[in-house]
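Residue numbers (this note's numbering), protein chains in the order written: chain E, 1 to 310; chain C, 1 to 249.
What the hints contain is simulated information worked out from the structure, not anything from laboratory work.
Honestly, I wouldn't trust all of these hints.
Stated by the list, open to error - So, partial list: chain C residues that the calculated Cβ filter (under 10 Å) puts toward chain E:
hint : residue
1    : Met33
2    : Pro37
3    : Arg214
4    : Gly240
5    : Leu242
Unchecked claim - Below 27 Å or equal to it, Euclidean Cα-Cα: the simulated DSSO-like pairs (lysine-lysine) are:
hint : chain 1 : residue 1 : chain 2 : residue 2
6    : C       : Lys2      : C       : Lys243
7    : E       : Lys219    : C       : Lys243
8    : C       : Lys219    : E       : Lys142
What the hints assert, rightly or not - Some, not all, of what chain E presents toward chain C, calculated at C-beta under 7 Å:
hint : residue
9    : Gly94
10   : Leu133
11   : Gln137
12   : Asp140
13   : Lys142
14   : Ser205
15   : Glu207
16   : Glu208
17   : Asn238
18   : Leu253
19   : Glu304
Virtual Cβ for every residue (Gly too), placed ideally from N, Cα, C.
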Amino acid sequence: MAVLVVADNDNAHLRDTTHKTVTAALAISGDVDVLVMGEGAKAVADAAAKIEGVRKVLLAESADLGHGVAEVQAATVEGLMSGYDAVLIPATSGGKNYAPRIAANLDAAPISEIVEVVSADTFVRPIYAGNALETIQSSDAKKVITVRPTAFKAAGEGGSASVESASAGTAASGAKFVSEEMVKSDRPELTAAKIVVSGGRAMGSAEEFQSVIEPLADKLGAAVGASRAAVDAGYAPNDYQVGQTGKVVAPALYIAIGISGAIQHLAGMKDSKVIVAINKDADAPIFQVADYGIVGDYKTVVPELMAALG
Amino acid sequence: MKVLVPVKRVIDYNVKARVKADQSGVDLANVKMSMNPFCEIAVEEAVRLKEKGVATEVVIVSIGPAQAQETIRTALAMGGDRGILVQSDSDLEPLAVAKLLKAVADEEKPDLIVMGKQAIDGDNNAVGQMLSALLGWPQATFASKLDVEGGKATVTREVDGGLQVLEVAIPAVITADLRLNEPRYASLPNIMKAKKKEIVTKATGDYGVDTAPRLTVLKVTEPAKRSAGIKVENAAELVGKLKTEAGVL
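Chain E with its partners taken away, still in its complex shape:
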């Protein structure tokens, strides 16, 4: 059986979530192809061809694909599915936006955010905000699967797959792209970062968030995250939210500052290798999952931490 992986990209760069999804795909089959959808995305396809274990790369390009129009993305994948038994898509907000459409059109049950491949038809996925893991077996001939990237190691580089063009799908879409407003940042991407520094409601204002969390993140070369409470209060942009309904991260080091540790937040970061919590409430639930905790006011602890890091 052959498996198709859809690359996560921004038309210019291939994201590391793709490498992780390839690892999941290789656990299902040795025949793994990668589909790159975008516009002017040749460099992305060339990068995908270097992923170890990839058989070939398909490049489909159109303006709608460049803007990530879900109807057209789904139609493009559906056009290729006669040659594949499963399609694996990184569970980013972009992937989650179109993957279920493919499942509906193929009359298959979507298999969302797998964290383990047990066999070619059996997978493990978190439910109830990660408080339970279900092992499910699919009876569908064609499987549509999204993959939680943080649960898989990235496939290595060193491949030399060929790049072929594939036709971009067409779909009568009543949706029109108007504009986008992307957060500009030189920091690593939240879901791919080795270190994440997150701030919570205790920050009290957007200015405080920026003056406390961001310098520490920059010192550590870390990405910046936030709790839902901090995002809802407007202290940090929505894109920073770590949790059940935001981003799921699993960095080597996660530093939670002024975050109490609601279930929804823990669901998004509890698979981090090392967790540090700084909170003045010694009973905050975050300490129950933290490897290292400091009970104290972040206003004094963070400057000391900056000094100790040198």
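Add chain C to chain E, keeping to what the hints say.
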């Protein structure tokens, strides 16, 4: 303009789900159940459209056990006009739910379907997109702002890296993200009024769609527990531990 809002009865979001000892599922006996938080946001948005004079009728639909009536009542107390319960005693998969909702939409012919992006039990984040595909209507998922005017909806969406604005022709399917609005609490008079609003009960079989499961749940287990670590006295000690003991700096 008619707005259809599907709502789901789920475990209350403040309750921690517990796995059954026999690994057959999550224990929901004697557990507080509530409307899925994203569905509440969808109901609120639909009611606001009505209050702005954009929508004329807000129809609530739920697929679930008899007790899902209570969830529909809650939505009616928030301002929905009438309800439809498609009663099902088995847990349906997203594909089956999408097919049933398509059948309801075919009958009701709404101009807009506003629904939560995800239910906090199955965490699939799939039904809205599937419903859009089955109906052949445009989708705008993960909405944080919605404006409806002149036969189209302008939707601000929360995407990787920031925000995107899409314009979708009506009829369309919109899925609500957390920041679309803050749902209201129903007032006592409105709760009383909701008791008199009509709820029609249907059976899944009434719609003639295939709701057979495609997935077999082999087991449900608890994730590996993380144990609490140690408290350190100060930042210098922390940095030392992170460098030598944890090796992450």
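Comparing the hints with the structure gives:
no. : hint                : verdict
1   : Met33               : 13 Å, violated
2   : Pro37               : 9 Å, holds
3   : Arg214              : 4 Å, holds
4   : Gly240              : 8 Å, holds
5   : Leu242              : 7 Å, holds
6   : C:Lys2 x C:Lys243   : 60 Å, violated
7   : E:Lys219 x C:Lys243 : 15 Å, holds
8   : C:Lys219 x E:Lys142 : 22 Å, holds
9   : Gly94               : 6 Å, holds
10  : Leu133              : 5 Å, holds
11  : Gln137              : 5 Å, holds
12  : Asp140              : 5 Å, holds
13  : Lys142              : 11 Å, violated
14  : Ser205              : 18 Å, violated
15  : Glu207              : 20 Å, violated
16  : Glu208              : 19 Å, violated
17  : Asn238              : 5 Å, holds
18  : Leu253              : 4 Å, holds
19  : Glu304              : 4 Å, holds
Of the hints listed earlier, those the structure fails to meet are numbers 1, 6, 13, 14, 15, 16, in rising order.
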